[in-house]
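Participant: Here is how the chains run, residue by residue.
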Amino acid sequence: MEEKIWFSKQIFLKMSEAYGLDPRDPHMEELYAYLQNVLPGLKVLEKLDVADVEPRVPLHPVQEESL
Amino acid sequence: MNPVEICYLGVGELSRLIQRKEVSPVEIVEAHMARITSLEPKLNSFITLLSDQALADAREAEKEILENRYLGPLHGIPFGLKDLFYVKGVRNTSGMKIFDRFVPDFDSTVGLRLKRAGAVLMGKLNLHPLAYGATGENPDYGNMHNPWNLGLITGGSSGGSGSAVASGQCTLSMGTDTGGSIRIPSALCGIVGLKPTYGRVSRYGLAPLAWSLDHPGPMARTVEDCALLMNATAGFDPRDPTSVNVSTPDFTKALTGKVRGLRAGVPKEYFEVPIDPAVKKKVLKAIDHLRELGVSVSEVSWPMYRHSVAAANTIQIVEAAAYHSKLIRTHGSSLDPTIRLRLESGFFIPAVDYIQAQRVRTLFADQTLSLFKKVDLLVGPTLPVTAFKIGTTEKEVAGNVVNIIPLLTQYTRSFNLNGFPAITLPCGFSEDSLPIGLQIAGRPFDEATVLRAAHAYEQSTEWHRRRPPL
Chain A
1 MEEKIWFSKQ IFLKMSEAYG LDPRDPHMEE LYAYLQNVLP GLKVLEKLDV ADVEPRVPLH
61 PVQEESL
Chain B
1 MNPVEICYLG VGELSRLIQR KEVSPVEIVE AHMARITSLE PKLNSFITLL SDQALADARE
61 AEKEILENRY LGPLHGIPFG LKDLFYVKGV RNTSGMKIFD RFVPDFDSTV GLRLKRAGAV
121 LMGKLNLHPL AYGATGENPD YGNMHNPWNL GLITGGSSGG SGSAVASGQC TLSMGTDTGG
181 SIRIPSALCG IVGLKPTYGR VSRYGLAPLA WSLDHPGPMA RTVEDCALLM NATAGFDPRD
241 PTSVNVSTPD FTKALTGKVR GLRAGVPKEY FEVPIDPAVK KKVLKAIDHL RELGVSVSEV
301 SWPMYRHSVA AANTIQIVEA AAYHSKLIRT HGSSLDPTIR LRLESGFFIP AVDYIQAQRV
361 RTLFADQTLS LFKKVDLLVG PTLPVTAFKI GTTEKEVAGN VVNIIPLLTQ YTRSFNLNGF
421 PAITLPCGFS EDSLPIGLQI AGRPFDEATV LRAAHAYEQS TEWHRRRPPL
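Chains as they are written, first to last, in the numbering used here: chain A, 1 to 67; chain B, 1 to 470.
Simulated from the structure, these hints should not be mistaken for lab results.
Incorrect hints may have been included.
[To be verified] So the derived label-pair ranges between C-beta atoms look like this:
id : chain 1 : residue 1 : chain 2 : residue 2 : range
1  : B       : D100      : A       : H27       : 20 to 26 angstroms
2  : A       : G20       : B       : K374      : 48 to 54 angstroms
3  : B       : S334      : A       : D49       : 39 to 45 angstroms
4  : A       : V44       : B       : F271      : 19 to 25 angstroms
5  : A       : P40       : B       : K374      : 32 to 38 angstroms
6  : B       : D288      : A       : D49       : 34 to 40 angstroms
7  : B       : Y8        : A       : V44       : 27 to 33 angstroms
Predicted model, so just to flag it, every value in this text is computed and none were measured.
Backbone N, C-alpha and C fix where the C-beta goes; we use that ideal spot for every residue, glycine too.
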């Protein structure tokens with residue numbers, strides 16, 4: 001399978017094991033294929049210019065005073 | 001009064017009848033129980049029915065009212081809770097058999113506030129497992145079915161809430177919305193659903209999906225009923241670290257019918273993504289109707305909208321994987337295969353990408369706030385399609401074949417990312433009699449203006465009076 005993501009199949013299996021998943025599970029083939037479909041779509045964010053932009057504190061709601 | 005008629009009355013009408021002692025809470029609850037018994041084999045809206053407890057609560061409400069201890073408009077009104085809101089002593093499944101025996105020993109703030117308002121809990125409502133899906137399909141407890149056509153999806157994840165309210169099994173329900181899970185089933189089932197501002201309604205006692213995107217909110221058949229639910233459930237809660245200590249208005253006071261002078265923006269980007277032409281036509285007609293009511297409508301540009309979905313997806317996938325990491329490791333093979341893949345994928349997104357998504361979130365929220373200097377509301381479709389067959393995974397829309405998850409969330413997810421309030425309400429029906437939703441969004445903590453505009457539109461149209469052919 002052509003790799004569309006930044007890690008190879010071998011690295012994927014190593015990472016899976018490190019995360020507590022079973023790399024011998026046949027399901028891993030399906031997961032790897034799924035990642036090939038999903039992850040590239042999220043990488044579009046890398047192209048955005050976020051210089052000087054701080055991350056939103058995840059649990060800090062937008063306040064009306066900031067308008 | 002005919003019991004089915006009782007089941008389709010709004011809170012305003014029911015509470016007037018209760019106060020005049022023309023109908024008792026027991027009669028109301030019994031009418032809804034009969035409706036549930038007759039429709040549940042077709043709809044599958046509930047996971048846990050609380051018939052005995054509901055009748056006992058209705059008797060208690062009746063006694064209190066006869067003793068002049070009336071608690072307000074929700075006293076004696078039947079409601080349902082999505083099976084993610086903890087209720088002390090009642091199992092909470094989150095839509096999965098694995099949690100069949102989990103019985104919380106405390107109440108969610110939403111559940112407690114509704115109990116204190118005297119509302120009667122009919123049961124816990126079905127949902128897409130773990131609230132991680134937009135269709136309302138559930139392999140563990142059975143699929144939810146759309147009251148307008150039983151072979152079609154309700155939408156999700158709060159699908160049982162959508163079908164129960166649309167069919168008259170409950171007057172009110174509370175759902176949750178992480179990427180559209182209140183607004184999607186509300187639109188597909190032809191009811192009103194409000195995702196409030198992040199921090200407005202407490203998340204305490206709610207099983208999370210993605211902490212920074214989860215919003216509890218009301219689902220009902222009218223805007224007024226949503227406003228009444230907001231009155232009962234909104235407000236600061238020190239037990240929720242994300243709850244915001246801002247004043248809570250009486251939301252019903254916003255329902256003045258006056259919208260002249262309000263400025264609404266229609267993002268041009270909404271029509272650069274796949275949308276069924278028939279849905280587009282109805283939504284544009286609804287926007288014209290708002291213009292006729294006196295709203296000043298203009299096209300606006302919201303360039304970051306295009307990137308908001310990727311940012312929200314990144315955040316949701318990572319936060320869901322973090323919350324459910326133990327479940328993935330210990331019960332992975334028992335999970336629905338699609339949900340398992342979504343959850344596991346979160347392990348493979350680097351922290352750098354998560355932070356990048358949060359930086360994009362800042363840009364997106366700032367750009368949306370700038371837009372709200374020029375307009376008071378953003379309006380557009382809630383969904384690009386009407387309900388479709390259960391089991392569908394891809395759909396052709398305007399010549400594009402699209403996976404149904406991004407399709408169903410393309411207009412809703414942005415408001416989970418920025419946390420701004422957004423409502424859906426019926427704005428028409430397709431040729432095959434399926435409901436279409438109009439989405440109206442507003443400034444943070446300005447649900448009042450959103451409700452005002454939605455109410456004015458609703459009251460000048462007849463869409464909310466249609467009933468599903470059950």
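Participant: None of the hints should be skipped; say for each whether it holds.
Facilitator: Structure-based check of each hint:
no., hint, result
1, B:D100 / A:H27: 20 to 26 angstroms, "holds (24 angstroms)"
2, A:G20 / B:K374: 48 to 54 angstroms, "holds (49 angstroms)"
3, B:S334 / A:D49: 39 to 45 angstroms, "holds (44 angstroms)"
4, A:V44 / B:F271: 19 to 25 angstroms, "holds (21 angstroms)"
5, A:P40 / B:K374: 32 to 38 angstroms, "holds (35 angstroms)"
6, B:D288 / A:D49: 34 to 40 angstroms, "holds (37 angstroms)"
7, B:Y8 / A:V44: 27 to 33 angstroms, "violated (46 angstroms)"
The structure fails to meet hint 7 from the earlier list, while all remaining hints are met.
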